[in-house]
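Trainee: The residues making up each chain are set out below.
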Amino acid sequence: MGSYAEILPQTTTPPKEIEKKEEKIDYMDLPCPIPYEEIHREALMSLKPDLFEGLRFDFIKGINQRFSLSHSVFMGPMEVPSQSAETIKIPTSHYEFGANFLDPKLMLVGRVMMDGRMNARLKCDLTENLALKANAQLTQEPHMSHGMVNFDYKGKDSRSQLQLGNGALVGASYIQSVTPHLSLGSEVFWAGQHRKSGIGFAARYNTDKMVATGQVASTGMVALSYVQKVSEKVSLASDFMYNYMSRDVTASFGYDCIFRQCRLRGKIDSNGCVASFLEERLNMGLNFILSAEIDHQKKDYKFGFGLSVGE
Amino acid sequence: MASQSRKAAITSGNDDGILARVSQSTVVYHGKKAASNTAYVTKRLVKSTGKAAWILGTTFLILAVPFFIAYDRDQQITELELQNASLLGTPAPAGK
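If you're matching them up, the sequences are chains D and U in order.
Each residue of the first sequence is one higher than the one before, starting from 1 at the first, in the numbering used here.
Each residue of the second sequence is one higher than the one before, starting from 1 at the first, in the numbering used here.
Okay, chain D solo, but in the shape it has when bound (with noise of 0.2 Å):
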């Protein structure tokens, strides 16, 4: 969440620089490109929403400028992973306990949840152009936690990313800006414990009215997006993913609409699954949500209402 603040302004600002200088570009004052992992993020936040089933309720309350508590309680039907085509659900209930600290420099957060699972996240901005990230999952059950520790170099016109991991994983990925639409990024991987590795490259051509990304990798996975923005409130999402080794091929379509007390995200695939996702305002730091997701293929239906307070 942090990363996306400090990021959006670099992102929107160049094509309006760029403009005014009209037919003559400077490709040695490219504008920064968004992280590797990141180029399908618009695409992401309107055809991926935080759908949920249940309910859930969760509420933050800040002890200063910089720290602050989180609880959240969950309840409702899991789905359990089992082989038959039907889905199996079981009615659990959680709760979350989490710590954040929020700094402009430094931002941790911590999250432990009542069986026992632990998860911490650290940014930390090392220098200027260098941050460092790490993310750790602790689990009771044996060869389930992870840890990882990435170096994110920024440059002037491109990023380059280190990525160390449990399990003898090794990852560093690079993107650069080509024109000041354009910028191609590439990354390569290593798991040692699963004796894998594997290239991808990925493309982003974004103006201020529509970005399109283009994603292949040597797992077998092409990944093409496209966001359109219609108007100020409404914009539009549109993917499309293919998996060569599976085989499997899902399309999906979505809309994104960001309403003065309500935001709303709305999507539909080639699976047969519809879903919604309603974020109301009801009073400052009160939100309402609502999510609905439907998978006529499967007759799963999932409803979920939650309600959060604070932040």
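No wet-lab data here; the hints were simulated from the structure.
Careful: at least some of the hints might be erroneous.
[As the list claims (entries may be wrong)] With a straight-line Cα cutoff of 25 Å, these simulated DMTMM-like cross-link-like pairs (lysine to aspartate or glutamate) come out:
id	chain 1	residue 1	chain 2	residue 2
1	U	Lys51	D	Asp269
2	D	Lys209	U	Asp74
3	U	Lys47	D	Asp300
4	U	Lys47	D	Asp269
5	D	Lys229	D	Asp300
6	D	Lys233	U	Asp72
7	D	Lys233	U	Glu79
8	U	Lys51	D	Asp295
9	U	Lys51	D	Glu86
10	U	Lys51	D	Glu293
11	D	Lys229	U	Asp74
12	D	Lys229	U	Asp72
With chain D held as given, fit chain U onto it using these hints.
Mentor: Positioned in the frame of chain D, the structure of chain U alone reads:
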């Protein structure tokens, strides 16, 4: 009339009777088949149309109805603000 009925009685005595003969004729056979086919197709058509209507209806309910409600409410707020602004003569508050 009387002779006709007698004839019918005689023929029925000889064979299975006119009703049976009519019901076994090819015209009736084809007619029956066509009727049952039509009924089957109509049933399937109604069933699939119903299913399509259900899917379309629920999709509309999930995707479009919330959008129209939200859009309408947004328009109302805008109108209200415009009215307030014209009544009070003050510019409408920007971020409400």
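Trainee: Straight-line Cα separation of Lys51/U and Glu293/D no greater than 25 Å?
Mentor: The hint holds at about 18 Å.
Trainee: Keeping to a limit of 25 Å between CA atoms, is the pair of Lys51/U and Glu86/D held or broken?
Mentor: 20 Å, holds
Trainee: Within a Cα-Cα threshold of 25 Å, do Lys229/D and Asp300/D meet the stated pairing?
Mentor: 32 Å, violated
Trainee: Would you mind confirming whether the straight-line C-alpha gap from Lys47/U to Asp269/D stays at or under 25 Å?
Mentor: Holds: Lys47/U and Asp269/D sit about 24 Å apart, inside 25 Å.
Trainee: Taking only the CA atoms, is the gap from Lys51/U to Asp269/D under or equal to 25 Å?
Mentor: 18 Å, holds
Trainee: Given the proposed pairing of Lys229/D with Asp74/U, does the C-alpha separation stay at or below 25 Å?
Mentor: Holds, at about 19 Å.
Trainee: Within 25 Å, alpha carbon to alpha carbon, are Lys233/D and Asp72/U?
Mentor: 14 Å, holds
Trainee: Next pair to validate is Lys47/U with Asp300/D; report whether the Cα-Cα distance is within 25 Å.
Mentor: 21 Å, holds
Trainee: For Lys209/D and Asp74/U, compute the direct alpha-carbon distance and say whether it is at most 25 Å.
Mentor: 23 Å, holds
Trainee: For Lys233/D and Glu79/U, compute the direct alpha-carbon distance and say whether it is at most 25 Å.
Mentor: 17 Å, holds
Trainee: CA of Lys51/U to CA of Asp295/D, is that 25 Å or under?
Mentor: 14 Å, holds
Trainee: Is Lys229/D within 25 Å of Asp72/U, Cα to Cα?
Mentor: 20 Å, holds
Checked against the numbered hints given earlier, this structure breaks only hint 5.
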